[in-house]
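Participant: Okay, here's what each chain looks like letter by letter:
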Amino acid sequence: MSGPETGLAEIGSTGREAGCDESPGVARPDEPSPRRGRQRFVRLGRLRRDRLFVLLMLPGLGYFLVFHYAVLFGNVIAFKDYIPFDGFWGSAWVGVRNFTDLLGDPGFWHAARNTVEIAGLQLIFYFPAPLALALLLHSLTSNTLRRFVQSVVYLPHFMSWVIVVAMAQQMLGSAGLFNSALSGAGLHTVDIIGNPELFKPLTVLQVIWKDCGWGTIIFLAALTQVDDQLYEASAIDGAGPWRRFWHITLPSIRPIIILLLIMRIGEILSIGFEQILLQRTTVGPDAAEIIDTFVYYKGIVGGNFGFGAAAGLFKGVVGAILVYAANKISHRLGEQGVYK
Amino acid sequence: MSAVSGTRPRIRRPAKQVRPVWMEKPRKVTLAAKGAALAVIILLVLMPFLVVIATSLSSTESVVANGGWVVWPSDPSLQAYRQIFSGGIVTHALWVSIGVTVVGTAASMVCTVMLAYALARPKVFGGKPMLLLVLFTFLFPPGMIPTYLMVKNLGLLNNYAALIVPVLISVFNLVVLRGFFQSVPEELYEAARLDGAGNFRILVAVVLPLSKAALAMVSLFYAVTYWNSWFQASIYMNDDHWPLQQVLRTYVLSGGQIASSTGAGDAAMAAPQTIQMAVLVVATVPILLVYPFLQKYFAKGVLSGAIKS
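Residue numbers (the working numbering), protein chains in the order written: chain A, 5 to 344; chain B, 626 to 934.
Treat the hints as calculated values from the structure; they're not laboratory data. Be a bit skeptical, because a hint or two may be false.
Stated by the list, open to error - Pair ranges (Cβ atoms, derived): (1) Gly111/A / Ser699/B: 14 to 22 Å; (2) Phe249/A / Ala657/B: 15 to 23 Å; (3) Pro110/A / Arg652/B: 22 to 30 Å; (4) Val646/B / Ala136/A: 51 to 59 Å; (5) Gly99/A / Lys753/B: 31 to 39 Å; (6) Phe710/B / Gly188/A: 53 to 61 Å; (7) Val910/B / Asp195/A: 25 to 33 Å; (8) Glu686/B / Trp246/A: 32 to 40 Å.
To be verified - Calculated from the model, a selection of chain B residues having no Cβ within reach of chain A, i.e. all distances over 10 Å: (9) Thr680; (10) Ala690; (11) Ser699; (12) Tyr742; (13) Val800; (14) Val831; (15) Leu833; (16) Ala841.
As the list claims (entries may be wrong) - These stretches of chain B come out as covered by chain A in the derived footprint (C-beta under 8 Å, 3 or more residues): (17) 704 to 710; (18) 713 to 723; (19) 746 to 758; (20) 770 to 776; (21) 846 to 856; (22) 899 to 908.
C-beta atoms are modelled at their ideal positions from N, C-alpha and C, and glycine is treated no differently.
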């Protein structure tokens, strides 16, 4: 029975556990009731007992240390004049010059304005869409019909942005279905795809097509949590559908709405990088430069790594402050936030 | 059959929800409006798929005659597919995508399951700091430029590992799996331990079989992510190492020439439109194939349970 356990114990017994022998009274890992003895465990004892778990954590720990924390530390090149030949350590420090350059760059402020505009449009027009669709789905009394509609509207979420943008071009482009229908009806055709003026609304439409259905999941989960007895009691008291919606449904799902709103506000600066990068060449940087594409073009395409990293770091810090502030505000309003 | 008829009330499907008695009957107008709204929504979602598939299956002449698209192929032809599968860049990219998706999903699942299991058990040595370490990355993403430089300095440029290792563990998927592992009743752990099972054996013989639905869902999330990724490939890989989505991006969105790269002569060349749409379909079909399996788990409410946790 204890075959795998002993096998793993051998794998797990690296030099680190050698120190455990100094602490006597450490329970064997297969002691029948570990709970009783838990208080007596000293630190090394716990390491010995949990060596399997520690082993299981190591690949994940390595991943997060290398690709999150070391990379996060790599942001110090924002304070350097990074030259690939000189390397990470060899490049010269330039203090906050990259940041003063950044804040003096009208291109950056333009990108920031575009970002906020697109995010604002999405907040106004995209955010309520999944809620409305969820209410519609929730009101269906036939489970079969609801499941069918759900499986249809979830589907676009799994398409890549490349596919979504290609489909949008195919449907809304100058030779697409939409314009053929317009000209067929004797109306003016509208070039939606190549038009910088219409680019921002177009991105909102694309986001709605792709993610509106998927966004209903969380609202539907919240809606099914509402106690049916509340509805029943209020209906008996004479409340109509509208009053039940206003006084029971909405207050019940308010926490989740506020939670999602906070998350959207926190992500305001990192809207749809892939989506917008894909269309930037079609409509031009004037309409489609956002902070992330600015970072990409300055840093990776232009090779100005220090400057690009400064822009990215600036965005990251402002984003973190936004999340923190939004969370604080929601606590002040008596709502639960994303974290405590 | 007549003998069974006596039991009919019992075999009525309980899943079919009926209107609660207190709810008023909807007016005809409301019903009609709802039906219309649903029909429009379904049409808007499915129409692009229909047009793309139909165009890819059409012959050059009918697409050109119709101005670049068709809703129903009048003379179905597989010419576009034959051309892109004739051993050119699309075929190669398809294999790259399949390889990255399979290897990446396997690697991600192993690492995520291991970490999620360790983080799901109470009072594990180092568990608390590790959890904080993981959750903090949610708040502060490390940034595009330093990530690129890290991949470059690790010598991973133009190595397929660059498409997998930097996105090995998704914190969202990790949290979902951890939530499921935590929902396994503590009594089962105790019982397994009394039977002499160690922690690893408990994972393999108790926890994983109980979390099949979550494992299926999370691996499908990973697979879809790997299959759909193109940006990493565009900055880390040369064009002979591109996966399908990046090829699609270059030839369909940026209007590059694909016909010359397929190695086919221009005599029997299909309209670029049909070829573009065929590539698009090839990039879409795997997802359409796994989708019904995903669907099964959505219906079970697995996801909503996961998100709440």
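Participant: Compare the structure with each hint and give your call.
Facilitator: Comparing the hints with the structure gives:
1. For Gly111/A and Ser699/B, the hinted distance range of 14 to 22 Å is not satisfied, since their beta carbons lie about 50 Å from each other.
2. The hinted range of 15 to 23 Å is satisfied by Phe249/A and Ala657/B, whose Cβ atoms lie roughly 20 Å apart.
3. Taken as a hint, the range 22 to 30 Å is violated for the pair Pro110/A and Arg652/B, whose Cβ atoms sit roughly 57 Å apart.
4. As the Cβ distance of Val646/B to Ala136/A is approximately 27 Å, the hint placing it in 51 to 59 Å is violated.
5. For Gly99/A and Lys753/B, the Cβ-Cβ distance of about 37 Å falls inside the hinted range of 31 to 39 Å, so the restraint holds.
6. Distance hint check: the CB atoms of Phe710/B and Gly188/A are about 35 Å apart, inconsistent with the given range 53 to 61 Å.
7. In this structure, Val910/B and Asp195/A meet the distance hint of 25 to 33 Å, their C-beta atoms being roughly 30 Å apart.
8. One distance hint, 32 to 40 Å for the beta-carbon pair Glu686/B and Trp246/A, is violated here, with the actual separation near 56 Å.
9. A beta-carbon of chain A is positioned within 10 Å of the beta-carbon of Thr680/B; the least distance is around 8 Å.
10. The non-interface label for Ala690/B is consistent with chain A: the shortest C-beta to C-beta separation is roughly 12 Å, beyond 10 Å.
11. Taking the minimum C-beta to C-beta distance to chain A, about 16 Å, the non-interface status of Ser699/B holds against the 10 Å cut.
12. Not every CB of chain A is more than 10 Å from the CB of Tyr742/B (nearest about 6 Å), against its label as outside the interface.
13. Residue placement check: Val800/B keeps its beta carbon more than 10 Å from all beta carbons of chain A (closest about 12 Å).
14. With 10 Å as the threshold on Cβ separation, the claim that Val831/B sits away from chain A holds: the shortest Cβ distance comes to roughly 13 Å.
15. The beta carbon of Leu833/B is kept farther than 10 Å from every beta carbon of chain A, the shortest such distance being approximately 13 Å.
16. The beta carbon of Ala841/B sits about 15 Å from the closest Cβ of chain A, which is more than 10 Å, so the claim that it is off the interface holds.
17. Judged by the Cβ-Cβ criterion of 8 Å, the stretch 704 to 710 of chain B is not covered by chain A as claimed, because only 0 of its residues qualify and three are needed.
18. Counting residues of the stretch 713 to 723 of chain B whose CB lies closer than 8 Å to any CB of chain A gives 0, which falls below the minimum of 3, so the coverage claim is violated.
19. Taking a C-beta to C-beta cut-off of 8 Å, the stretch 746 to 758 of chain B contributes 8 residues in contact with chain A, enough for the three needed, and the coverage statement holds.
20. Residues of the stretch 770 to 776 of chain B with a Cβ under 8 Å from some Cβ of chain A number 6, which satisfies the need for three, so the listed coverage holds.
21. Restraint check on the stretch 846 to 856 of chain B versus chain A: 6 residues with Cβ-Cβ distances below 8 Å, three needed, restraint holds.
22. Residues of the stretch 899 to 908 of chain B with a Cβ under 8 Å from some Cβ of chain A number 4, which satisfies the need for three, so the listed coverage holds.
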